[in-house]
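Q: Sequence:
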Amino acid sequence: MVDYFIVNYARLEHGFIFLTANYFIAAGVPLALTDLGKNVSRRAVLVLILKMLCCIAAGEIVASLYHWISGGEPMLVPLVADIVVTAVYAAAFSKLKMPVRLMRAAEYVGMSALTICVTSSIGGILGLGYSYLQWVLICVNLIVITSGTIFVKYFSAEQGIKMHVMFPAIIVGVNVICIAFAVFSAMRWLAAPSALILSLLILFADLLIYAAVTYIVRRLWSEPRKEAERLQRESERELLRMSETRLEEMRRLRHELKNQYALCRVLLEEKKYGKLDEYFSELSDKIADTVDYTDCGNSTINAIIAAERSRVGRAGAELVCRITVPPVLGVSDIDLCSLIMNLVNNAAEYLERSPDLPDRKIETDISLSGHTLLVKISNALSDRDREHALMLETSKADKRYHGHGTRIVRSIAEKYGGAVVFAAEGGRFVAAVTLTETTSGGGSEENKRGTTDT
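Heads up: the sequence shown at position 121 corresponds to 121 in our numbering, and the numbers run straight through without jumps.
Just so you know, the hints here were simulated from the structure itself, not pulled from any lab data. We treat Cβ as the ideally placed atom computed from N, Cα and C, and that holds for glycine. A hint or two may mislead.
Said to hold, decoys possible - Heads up, simulated DSS-like pairs for lysine-lysine below, C-alpha to C-alpha not over 27 Å straight-line:
#1 415 - 376
#2 95 - 51
#3 95 - 153
#4 95 - 415
#5 415 - 153
#6 361 - 376
#7 97 - 153
#8 97 - 51
#9 97 - 361
#10 51 - 153
Said to hold, decoys possible - Computed beta-carbon distance windows for the label pairs:
#11 432 - 9: 22 to 30 Å
#12 146 - 372: 23 to 31 Å
#13 388 - 146: 33 to 41 Å
#14 40 - 356: 36 to 44 Å
#15 47 - 9: 23 to 31 Å
#16 36 - 87: 20 to 28 Å
#17 45 - 143: 18 to 26 Å
#18 209 - 353: 37 to 45 Å
#19 424 - 36: 20 to 28 Å
#20 11 - 414: 48 to 56 Å
#21 49 - 320: 42 to 50 Å
#22 320 - 274: 35 to 43 Å
#23 424 - 372: 21 to 29 Å
#24 93 - 356: 35 to 43 Å
Work out the full structure: start from the sequences and follow the hints.
A: Given below as structure tokens:
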């Protein structure tokens, strides 16, 4: 093992080209197999840099072991180190879904192997007698590996995609061929010009196949998803319209109650009990639906809650609301409808599938603080479902057409510069969303604010 460091660091028998190739490839592994998300914190960047440094160190240790065991062709050393480090990182440290992880890892190894072929072939053609030529090849390595890493990330399938096993198998198979060619080229069985041309052609074909497979996967998954989301939005609009109509009827009925009370008083005073009984029978059917009527001062939220009460009731649950909002909010009615309905429906669906849970309450807290709207929905959660619930995956059979609620909620939060938090605490699953109003909601005046606790 020590001999590797003497040969490559103390004597520089192979110059800087192989060392830097090791560094670039190993440092790119965490980049290719890590998704930081849109809101990147300083801590996340520092952790990523630390992972890159650890991968470089691990790559050099693997290279020294391989050099000690085989003592073979120097060009195979970075190739073997690349394969081992990528495989270990993908298996033990990457948090990507398995099909996406497998495709990225295979593509990254194949691309890196072909990059080594390209630069070693250029070195064979130009010769490595002059130090500046090595630095040219080092720059080529850096550019190709960096570009390849960006390519792998950009053209990767999204995390939520449920793909057929055939697609990862195609990518793995193609890149096994790329690695086999890299080994073949390392044995110097091809002249340098031929190796360069073939390496470039295979590298181009490899990247093209990866992009094509990813495009097909995205099309197969995204079109049903978009159609399902479109239909869901349309159904939410229709439900909101129907709820608003029903609410208007409730308001009219409640307004008429004073007159009806006066009539009942007259019939009672005149002792017309038969007529009074008939009147009450007719009236009871009309006012039955007003028992759970919620009026928080905001007509949109009133309509949404009215619509959701029936959905929650079908799940054998109770909707408990604590709402403190002004009559006007700086959030689109459709976005507000999608947000609340998706969260409440998810809670209702879970309770519907868990009839053994004694706690049947779905708690809905909606409040405005300054220009920040908080929507918090919680429901009872059994211990056996805790881990699965936090994975936020639908339990329905056809996942292409279901499970879009969480994505819709996240997209609405991003649209309003807010955040989404899902947590399991105190035996309950909690979904909390914050939205920043685009315009003033007019909630600063106390007389404009409505409050309800039902």
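Q: All the hints need checking, so say for each whether the structure fits it.
A: Okay, the hints, checked on the actual structure:
1. 415 - 376: 18 Å, holds
2. 95 - 51: At roughly 14 Å apart (the allowed maximum being 27 Å), residue 51 and residue 95 satisfy the hint.
3. 95 - 153: 14 Å, holds
4. 95 - 415: Holds, at about 26 Å.
5. 415 - 153: 24 Å, holds
6. 361 - 376: With Cα atoms ~14 Å apart, residue 361 and residue 376 stay inside 27 Å; holds.
7. 97 - 153: Distance of about 14 Å is within 27 Å: holds.
8. 97 - 51: Cα-Cα ~19 Å, so holds.
9. 97 - 361: With a Cα-Cα distance of about 33 Å, the restraint between residue 97 and residue 361 is violated, given a limit of 27 Å.
10. 51 - 153: 17 Å, holds
11. 432 - 9: 22 to 30 Å: 53 Å, violated
12. 146 - 372: 23 to 31 Å: 40 Å, violated
13. 388 - 146: 33 to 41 Å: 38 Å, holds
14. 40 - 356: 36 to 44 Å: 42 Å, holds
15. 47 - 9: 23 to 31 Å: Distance hint for residue 47, residue 9 holds at roughly 28 Å.
16. 36 - 87: 20 to 28 Å: 22 Å, holds
17. 45 - 143: 18 to 26 Å: 22 Å, holds
18. 209 - 353: 37 to 45 Å: 42 Å, holds
19. 424 - 36: 20 to 28 Å: 24 Å, holds
20. 11 - 414: 48 to 56 Å: Taking Cβ atoms as reference, residue 11 and residue 414 lie about 54 Å apart, which means the hint holds.
21. 49 - 320: 42 to 50 Å: About 47 Å separates the Cβ atoms of residue 49 and residue 320, which means 42 to 50 Å holds.
22. 320 - 274: 35 to 43 Å: 41 Å, holds
23. 424 - 372: 21 to 29 Å: Check passed, 24 Å falls within 21 to 29 Å.
24. 93 - 356: 35 to 43 Å: 38 Å, holds
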